[in-house]
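**Q** Given next are the chains, with one letter for each unit.
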Amino acid sequence: SDQNFLARYWPASEMVGNTIHWFRKGLRLHDNPSLKESIRGADTLRCVYILDPWFAGSSNVGISRWRFLLQCLEDLDTSLRKLNSRLFVIRGQPTDVFPRLFQEWQTSQLSYEYDSEPFGKERDAAIQKLASEAGVEVTVKVSHTLYDLDKIIELNGGQSPLTYKRFQALISHMDAVESPAEIITAEVMRKCATPISDDHDDKFAVPSLEELGFETEGLATAVWPGGETEALTRLERHLERKAWVANFERPRMNANSLLASPTGLSPYLRFGCLSCRLFYFKLTDLYRKVKKNSSPPLSLYGQLLWREFFYTTATNNPRFDKMEGNPVCVQIPWDRNPEALAKWAEGRTGFPWIDAIMTQLRQEGWIHHLARHAVACFLTRGDLWISWEEGMKVFEELLLDADWSVNAGSWMWLSCSSFFQQFFHCYCPVGFGRRTDPNGDYIRRYLPILKAFPAKYIFDPWNAPESVQKAAKCVIGMHYPKPMVHHTEASRLNIQRMTQIYQQLSCYRGLGLLATVPANPNNGGNGVGTSPEEIQHEAVAQAGKDPLHPPRFLGCPYHSKTCIFQRVGLKDMLGHVFFFNQIELVL
Amino acid sequence: MKKYEDACSSSSEGPTESCKKVRKLQPNLCEFGFDWALLPQEILLNIFQFLPLLDRAYASQVCRGWNQAFHMPELWRCFEFELNQPASSYLKATHPELIKQIIKRHSNHLQYVSFKVDSSTESAEAACDILSQLVNCSLKTLGLISTARPSFMELPKSHFISALTVVFVNSKSLSSLKIDDTPVDDPSLKVLVANNSDTLRMLKMSSCPHVSPAGILCVADQCHGLRELALNYHLLSDELLLALSSEKHVHLEHLRIDVVSENPGQHFHTIRKSSWDAMLRHSPKFNLVMYFFLYEDEFGPFFREEVPITHLYFGRSVSKDVLGRVGVHCPRLVELVVCANGLRPLDEELIRIAKRCTQLSAIGLGECEVSCSAFVEFVKMCGRRLSQLSIMEEVLIPDHKYNLDEIHWEVSKHLGRVWFPDMMPTW
Chain V
1 SDQNFLARYW
11 PASEMVGNTI
21 HWFRKGLRLH
31 DNPSLKESIR
41 GADTLRCVYI
51 LDPWFAGSSN
61 VGISRWRFLL
71 QCLEDLDTSL
81 RKLNSRLFVI
91 RGQPTDVFPR
101 LFQEWQTSQL
111 SYEYDSEPFG
121 KERDAAIQKL
131 ASEAGVEVTV
141 KVSHTLYDLD
151 KIIELNGGQS
161 PLTYKRFQAL
171 ISHMDAVESP
181 AEIITAEVMR
191 KCATPISDDH
201 DDKFAVPSLE
211 ELGFETEGLA
221 TAVWPGGETE
231 ALTRLERHLE
241 RKAWVANFER
251 PRMNANSLLA
261 SPTGLSPYLR
271 FGCLSCRLFY
281 FKLTDLYRKV
291 KKNSSPPLSL
301 YGQLLWREFF
311 YTTATNNPRF
321 DKMEGNPVCV
331 QIPWDRNPEA
341 LAKWAEGRTG
351 FPWIDAIMTQ
361 LRQEGWIHHL
371 ARHAVACFLT
381 RGDLWISWEE
391 GMKVFEELLL
401 DADWSVNAGS
411 WMWLSCSSFF
421 QQFFHCYCPV
431 GFGRRTDPNG
441 DYIRRYLPIL
451 KAFPAKYIFD
461 PWNAPESVQK
471 AAKCVIGMHY
481 PKPMVHHTEA
491 SRLNIQRMTQ
501 IYQQLSCYRG
511 LGLLATVPAN
521 PNNGGNGVGT
531 SPEEIQHEAV
541 AQAGKDPLHP
551 PRFLGCPYHS
561 KTCIFQRVGL
571 KDMLGHVFFF
581 NQIELVL
Chain X
1 MKKYEDACSS
11 SSEGPTESCK
21 KVRKLQPNLC
31 EFGFDWALLP
41 QEILLNIFQF
51 LPLLDRAYAS
61 QVCRGWNQAF
71 HMPELWRCFE
81 FELNQPASSY
91 LKATHPELIK
101 QIIKRHSNHL
111 QYVSFKVDSS
121 TESAEAACDI
131 LSQLVNCSLK
141 TLGLISTARP
151 SFMELPKSHF
161 ISALTVVFVN
171 SKSLSSLKID
181 DTPVDDPSLK
191 VLVANNSDTL
201 RMLKMSSCPH
211 VSPAGILCVA
221 DQCHGLRELA
231 LNYHLLSDEL
241 LLALSSEKHV
251 HLEHLRIDVV
261 SENPGQHFHT
271 IRKSSWDAML
281 RHSPKFNLVM
291 YFFLYEDEFG
301 PFFREEVPIT
311 HLYFGRSVSK
321 DVLGRVGVHC
331 PRLVELVVCA
341 NGLRPLDEEL
351 IRIAKRCTQL
361 SAIGLGECEV
371 SCSAFVEFVK
381 MCGRRLSQLS
391 IMEEVLIPDH
401 KYNLDEIHWE
411 VSKHLGRVWF
421 PDMMPTW
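Protein chains in written order, with the UniProt record's numbering: chain V, 1 to 587; chain X, 1 to 427.
Quick caveat, the hints were computed from the structure, so don't treat them as lab data. Computed from a predicted model, the values in this text were never measured in an experiment. Check each hint, because a few of them may be wrong.
Unchecked claim - Here chain X is said to cover these stretches of chain V; the calculated rule only asks that three of the stretch's residues, wherever they fall, bring their Cβ under 8 Å from a Cβ of chain X:
1. 230–236
2. 504–514
Stated by the list, open to error - Using 20 Å as the maximum straight-line C-alpha spacing, the simulated SDA-like pairs for lysine to any residue come out as follows:
3. X:Lys-320 <-> X:Glu-369
4. X:Lys-92 <-> V:Asp-335
5. V:Lys-291 <-> X:Asp-399
6. V:Lys-456 <-> X:Lys-92
To be verified - Listed next, with one range per pair, are the computed distances between beta-carbon atoms:
7. V:Arg-509 <-> X:Glu-97: 29 to 37 Å
8. X:Pro-96 <-> V:Pro-448: 50 to 58 Å
9. V:Pro-448 <-> X:Arg-272: 28 to 36 Å
10. X:Trp-409 <-> V:Pro-262: 34 to 42 Å
11. V:Asp-441 <-> X:Pro-331: 44 to 52 Å
12. V:Ser-172 <-> X:Gln-49: 40 to 48 Å
13. X:Gln-49 <-> V:Arg-348: 44 to 52 Å
14. X:Gly-300 <-> V:Ala-260: 39 to 47 Å
15. V:Glu-133 <-> X:Leu-45: 44 to 52 Å
16. X:Arg-385 <-> V:Ala-126: 56 to 64 Å
17. V:His-173 <-> X:Arg-344: 35 to 43 Å
18. V:Ser-261 <-> X:Pro-96: 51 to 59 Å
Quick reminder that beta carbons are idealized off the backbone N, C-alpha and C, glycines included.
The whole structure should be built from the sequences, with the hints applied where relevant.
**A** As structure tokens, this is what we get:
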């Protein structure tokens, strides 16, 4: 038992430092400053992962994500074994589990990586309260994001930036990213030990998918195997490839980009198997080495900064994943259509490009970002006019790298529900696919039923003559569905809808399509000042203290407490009737 | 919602007992000794006009005076009926009780009315139901807006037409009419014209498949005050343009045309240059807005001769060739939006547009490709007249002269303001 263990190594009179490190994300031993800090001065360490028993069944997480998580936990356990430690997987809810653990293990310290998401902050506040009640010291460090997000918000006058450009400008004025913490080694552990009971595996082992209630018969091997070991291997490969190509520009999209890459890192960043800061520094070092240039452009970190941006916009907004009551989201009259949604989610739209993407997503758990744009556009503002919240839920279930902030933010962006996005360009479910993959190999790979169609018709097989369909042994309407919408008609209608909505928002009275999207008041039209003074100046102006810079238009979110979109939006008609042209704006 | 019922059912004949009592016991004095109940109706009206409907309804329950103010005709000139069903929409609908009260007490006050319906047939039917009851209305503005799928099209045509003609016949002073995506037909347009030809100024009827060119010609012939017209290309004819340019006709201000392909390989008729010339002579400042939703190979009849387009939108992929023709034949172009083009750079075409379309002030490019140097050249040629420059980041192809990080400075320099391309998350 623990008591015997402790008694053996420490005299009863000495205070024993028993620490618990709580893994949630940050499933790694490298760059884990909260873990490192809690080991310092501790006599015992127990790393726990808390598995909510109701989570598996009812929550919106599919088998791929569970498998990835379990593989991460196995990997952690393996790495901890090498340090004479183990991972403790505990079933239950944190608020129930921790008081029990504090008591049983005589805990003096609890550590975990900072979670910036609103739900996470709430949960952690509750745990901190329990900890202080039990006399447990809490150590929290930022390591899931490059920066302390609150500092970015502070630099922006206390508000989250609403455009990516603004965010980039703020980033360029932040202090340098903190270096990743040293990896936990036996040396780091020093005298800190983990009491492991004989029945550890019975009580605390990482469960299997079957134990969680999943059917695993026929499950293909994971295209994206989880775990820190895999993540670090991929990082090396990723950097090797970049060094070899010696080109840090945005890669041109081709058919191959659609397929899962052995150097892809996004799921590992999401679960925290890979530290974003490690990635950042390695990328920087490589750039400096190859380009013999000391200052890499911001675009080098594109992937990381987008992630950071969405975390920043979400952290203070508990309704970030909803349309209603979300101050940054445009209220759009999306259609409620469960039947159409199911066709999209299950890859039965009748558009091979869309269906192949959704099939890859369901089978593998990852799709290229342009593929995401294509299916998101199709579901929302492009064709089906279904709410982005529905799409977000499907991605939450299937997509390995979709965490709350990034998933919700991306969906709002792609459906033009926020972030002052122009909505005019619509990804054609036939043309876009055809231009990306002219040969149609991607379609053939994920929709084998269409394998025998010639490239000419594989993106719009309903246009193929009957003879071609028969030869391909796939008759549209029988073996493969007919297209569920008429794209031209749908996009015509939808561009009208979006125009209607945005004209009301910006009270725009002209004829142009581009000017309907309101200019972001803290974005200076199309861009933003880049000197620190300018940024501070704008921040002050936004706070309404500077009479020389009145708000650029009515409803600036930083002047009123209520959201820009709700004040001028659909609900607030004031009996006005808008007719979208100069004559008819009746007040 | 009870508050609407209370607000609407309060009697206006003499104070109630409890109201009298309250008055005696507690005059509504503020610290300056002013009785709020004595606030003049005109001021109340002014204030009420700023309140959203719900807040107004709450206010109307404060006392009889405010309740009377709530029902003043001036507050009921404009109304937007939001008709949604929970099964098909996430948004709330106008309360049925409120609708009843409006029809009962305020239908003769209504002047500017719109209906927003979701994709369910039920909502469209509810709209028709209300329309048929607007017998005492003298509407100036009527808008039928489908916010998702066009549910008006799913109604039995006769049902819709009879509801609509109630308004046409009774209003007699319709000025603005928005009936896109509805089953309106030629006979109903005749009824519209017979009753409202003197007052009609705006007619928006894109995608009304039951109307024929003759039907719309009738409108143009009779409604000489028409300033704004929106319709589909199949309704456009030389005769229509000539009718709109006749001496009796006022200057046309906006003409919007949707060119929509229903099936690949569809054939489109041409409009003679002389008809466009006549339009321009008659209405030199008119705006011609055209939205094209065609397959690439259907553009044959278009942009072969000069056409006075001011706002041009390509909703599907459009070829380099067509964009080249746009540069040559659209000297009045003010805004150009290209949804997609393909993977061959539009360098020459853009430069030609910069040169020849001297009024161009807004451009948007989606899935296209332009080399960075050509793009900088384009911006340099247009200069500061470009107030809207919306280019997706993927459009710009770095070349020997500029890479992506440098281009925004160059472009910003020529525009005279800070500019960045539009971005999409690369997560």
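**Q** Could you check the hint for me, namely that X:Arg-385 and V:Ala-126 are 56 to 64 Å apart, CB to CB?
**A** With a Cβ separation near 58 Å, X:Arg-385 and V:Ala-126 satisfy 56 to 64 Å, so the hint holds.
**Q** Please verify whether X:Lys-320 and X:Glu-369 have alpha carbons no more than 20 Å apart.
**A** Cα-Cα ~11 Å, so holds.
**Q** Within 35 to 43 Å or not, the Cβ separation of V:His-173 and X:Arg-344?
**A** Holds - the Cβ-Cβ distance for V:His-173 and X:Arg-344, about 40 Å, lies within 35 to 43 Å.
**Q** Counting residues of the stretch 504–514 of chain V with a beta carbon closer than 8 Å to any beta carbon of chain X, are there 3 or more?
**A** Per the Cβ count (4), the hint holds.
**Q** Go check the stretch 230–236 of chain V versus chain X for me, would you? Three or more residues, Cβ under 8 Å, otherwise it fails.
**A** violated (count 0)
**Q** Note whether the CB distance of V:Asp-441 and X:Pro-331 lies within 44 to 52 Å or breaks it.
**A** Roughly 45 Å apart at Cβ, these two residues keep to the hinted range, so it holds.
**Q** Please work out if V:Lys-291 and X:Asp-399 have their alpha carbons no farther apart than 20 Å.
**A** The given pair, whose Cα atoms are some 18 Å apart, holds under the 20 Å limit.
**Q** Could you see if the CB distance from V:Pro-448 to X:Arg-272 stays within 28 to 36 Å?
**A** This hint is violated: roughly 53 Å between Cβ atoms.
**Q** Taking 51 to 59 Å as the stated bounds, is the beta-carbon spacing between V:Ser-261 and X:Pro-96 within them?
**A** Check passed, 56 Å falls within 51 to 59 Å.
**Q** With 34 to 42 Å as the target window, see if X:Trp-409 and V:Pro-262 comply at their CB atoms.
**A** 37 Å, holds
**Q** Assuming the hint says 39 to 47 Å, is it satisfied by the Cβ distance from X:Gly-300 to V:Ala-260 or not?
**A** 43 Å, holds
**Q** Does the Cβ distance between X:Gln-49 and V:Arg-348 fall inside 44 to 52 Å?
**A** Holds - the Cβ-Cβ distance for X:Gln-49 and V:Arg-348, about 51 Å, lies within 44 to 52 Å.
Hints 1, 6, 9 and 15 from the earlier list are contradicted by this structure; the remaining hints agree with it.
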